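J.: So the sequences go chain by chain: A and B.
The opening residue of the first sequence carries number 1 in the numbering used here; numbering runs sequentially from there.
The opening residue of the second sequence carries number 1 in the numbering used here; numbering runs sequentially from there.
Be careful, since some hints might not be right.
Identical copies look the same in the list; a pair holds intra-copy or inter-copy alike.
Stated by the list, open to error - In the SDA-like style, the derived pairs of lysine to any residue whose C-alpha atoms are separated by at most 20 Å in a straight line are:
hint, residue 1, residue 2
1, 10, 112
2, 119, 157
3, 13, 111
4, 21, 58
5, 21, 91
6, 111, 182
7, 37, 187
8, 186, 116
9, 119, 143
10, 186, 91
11, 13, 113
12, 119, 104
13, 81, 142
Think of the hints as simulated: they come from the structure by calculation, not from any bench.
Since we're looking at a predicted model, the values are computed, not measured.
Protein chains: 2
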Amino acid sequence: MKELEEYILKYGKVLGTDILKVDSFLNQQIDIDLLDKMATAWYEAFKNQGVTKVLTIEASGIALGTMVAYKFQVPLLFAKKSKTINMSDNLYTAKVFSFTHHDTNTIAVDKNYLKASDKVLIIDDFLANGQAVMGLMTLVSSANAKLAGVGIAIEKGFQKAGDLLRARGINVMSLAIIDQMNPATKEIVFR
Amino acid sequence: MKELEEYILKYGKVLGTDILKVDSFLNQQIDIDLLDKMATAWYEAFKNQGVTKVLTIEASGIALGTMVAYKFQVPLLFAKKSKTINMSDNLYTAKVFSFTHHDTNTIAVDKNYLKASDKVLIIDDFLANGQAVMGLMTLVSSANAKLAGVGIAIEKGFQKAGDLLRARGINVMSLAIIDQMNPATKEIVFR
Numbered sequence: 001m002k003e004l005e006e007y008i009l010k011y012g013k014v015l016g017t018d019i020l021k022v023d024s025f026l027n028q029q030i031d032i033d034l035l036d037k038m039a040t041a042w043y044e045a046f047k048n049q050g051v052t053k054v055l056t057i058e059a060s061g062i063a064l065g066t067m068v069a070y071k072f073q074v075p076l077l078f079a080k081k082s083k084t085i086n087m088s089d090n091l092y093t094a095k096v097f098s099f100t101h102h103d104t105n106t107i108a109v110d111k112n113y114l115k116a117s118d119k120v121l122i123i124d125d126f127l128a129n130g131q132a133v134m135g136l137m138t139l140v141s142s143a144n145a146k147l148a149g150v151g152i153a154i155e156k157g158f159q160k161a162g163d164l165l166r167a168r169g170i171n172v173m174s175l176a177i178i179d180q181m182n183p184a185t186k187e188i189v190f191r
Numbered sequence: 001m002k003e004l005e006e007y008i009l010k011y012g013k014v015l016g017t018d019i020l021k022v023d024s025f026l027n028q029q030i031d032i033d034l035l036d037k038m039a040t041a042w043y044e045a046f047k048n049q050g051v052t053k054v055l056t057i058e059a060s061g062i063a064l065g066t067m068v069a070y071k072f073q074v075p076l077l078f079a080k081k082s083k084t085i086n087m088s089d090n091l092y093t094a095k096v097f098s099f100t101h102h103d104t105n106t107i108a109v110d111k112n113y114l115k116a117s118d119k120v121l122i123i124d125d126f127l128a129n130g131q132a133v134m135g136l137m138t139l140v141s142s143a144n145a146k147l148a149g150v151g152i153a154i155e156k157g158f159q160k161a162g163d164l165l166r167a168r169g170i171n172v173m174s175l176a177i178i179d180q181m182n183p184a185t186k187e188i189v190f191r
């Protein structure tokens with residue numbers, strides 16, 4: 001998506017060969033006009049898939065997921081990263097390793113909110129090594145729900161998870177795919 | 001707000017005299033139609049306040065904040081609860097004690113995203129003892145920004161933080177105020 005690529009070039013900060021900071025418009029401060037256009041792009045891509053629920057993961061996926069759920073007029077569901085005292089034990093869970101935080105989290109959703117009759121659109125901000133998306137896909141399959149597809153804002157194409165998922169027949173729609181980043185020159189190469 | 005009170009009565013679970021579970025429509029699964037109506041109510045309440053930014057806190061405030069920011073067409077900013085390696089050290093911070101998790105978190109926003117010229121609307125899901133909202137207010141005052149007001153989904157009126165904030169002259173708009181909950185009878189008394 002042209003607008004997202006322009007935001008990345010203008011406001012993104014290349015902090016390493018695989019670290020891109022987009023806190024100013026996507027990850028901590030969220031540009032609402034851009035978010036609206038992104039959600040519309042995912043809606044157009046998946047509108048004929050019979051989506052009944054949008055699934056994302058806390059925290060930075062929630063803003064994206066909310067706007068997509070609004071376009072589809074279906075519920076948003078977000079996986080939590082740790083069990084809180086207010087959550088019942090009736091959970092689907094999956095293990096997710098975070099390369100950003102260098103630790104393994106258990107992600108979970110209440111079994112009441114994901115059903116075999118659901119057709120789920122997964123939304124997340126980044127796709128790199130695919131840990132989070134594969135964890136979310138595990139939750140979907142644990143519920144015997146169907147996967148409509150995966151909508152990603154920024155795919156790190158050089159980390160290959162997107163290509164692996166597509167090779168498995170999964171409909172992955174990334175709005176920007178980065179094939180190369182150079183922290184010295186700050187250059188970003190889009191696919 | 002009548003619709004929110006109806007959802008609380010129909011789907012909320014009273015787990016203790018001060019614990020209300022609303023995971024099925026507000027906190028993990030989010031009902032988009034309800035969210036839209038809630039955001040509209042806050043927009044109507046604060047639309048003449050010159051709001052330039054919506055501020056919330058991860059994770060469960062983000063869905064609410066996103067829809068409110070969409071109504072106002074201003075950026076959403078969410079405070080993070082822990083420092084990640086992608087965040088700079090250029091932060092406004094505040095300490096917040098969580099009665100749910102029984103621990104103290106540091107919440108933080110990047111100084112670049114909160115300015116003295118901002119007029120900030122704080123949005124959160126619950127107001128109980130006021131720890132999170134007061135932490136967010138600390139971030140706003142640290143930036144010398146102005147506070148437009150505070151929009152809360154569910155205020156636990158019996159825990160008094162809302163009344164204390166109003167007594168300080170802060171414009172707190174809670175869409176539902178609960179004055180009493182009875183875990184034995186499951187009765188909920190609204191103000």
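J.: How would you label the pair residue 186, residue 116 (within, between, both, or neither) given a Cα cut-off of 20 Å?
T.: The answer is neither: 46 Å in one copy and 30 Å across copies each exceed 20 Å.
J.: Between copies, within a copy, both or neither: which fits residue 13 and residue 113 at Cα up to 20 Å?
T.: between (37 Å within a copy, 15 Å between copies)
J.: Cα distance capped at 20 Å. Does residue 10 pair with residue 112 within a copy, between copies, both, or neither?
T.: between (42 Å within a copy, 16 Å between copies)
J.: Tell me, please, which holds for residue 21 and residue 58 at an alpha-carbon limit of 20 Å: within, between, both or neither?
T.: Close inside one copy (18 Å) and across copies (18 Å); limit 20 Å.
J.: Taking 20 Å as the upper bound on the Cα-Cα distance, should residue 119 and residue 157 be classified as within, between, both, or neither?
T.: This pair counts as neither: shortest intra-copy Cα distance 26 Å, inter-copy 39 Å.
J.: Is it within, between, both, or neither for residue 21 and residue 91, if the alpha carbons may be no more than 20 Å apart?
T.: This pair counts as between: shortest inter-copy Cα distance 15 Å, intra-copy 33 Å.
J.: How would you label the pair residue 119, residue 104 (within, between, both, or neither) given a Cα cut-off of 20 Å?
T.: Answer is neither; intra-copy 27 Å and inter-copy 39 Å both fail.
J.: Could you figure out if residue 111 and residue 182 sit no more than 20 Å apart (CA to CA) within one copy, between two copies, both or neither?
T.: Answer is neither; intra-copy 43 Å and inter-copy 26 Å both fail.
J.: How would you label the pair residue 186, residue 91 (within, between, both, or neither) given a Cα cut-off of 20 Å?
T.: Neither: 43 Å inside a chain and 24 Å across chains, both beyond 20 Å.
J.: Between the shortest in-copy and the shortest cross-copy C-alpha distance, which are at most 20 Å for residue 81 and residue 142: within, between, both, or neither?
T.: within (17 Å within a copy, 30 Å between copies)
J.: Up to 20 Å between alpha-carbons, please classify residue 119 paired with residue 143: within, between, both or neither.
T.: For residue 119 and residue 143, the Cα distance is within 20 Å only inside one copy (11 Å; across copies 44 Å).
J.: Is it within a copy, between copies, both, or neither that the alpha carbon of residue 13 lies no farther than 20 Å from that of residue 111?
T.: Between copies only: 16 Å across, 39 Å inside.
When the structure is compared with the earlier hints, violations turn up for hints 2, 6, 7, 8, 10 and 12 and for no others.
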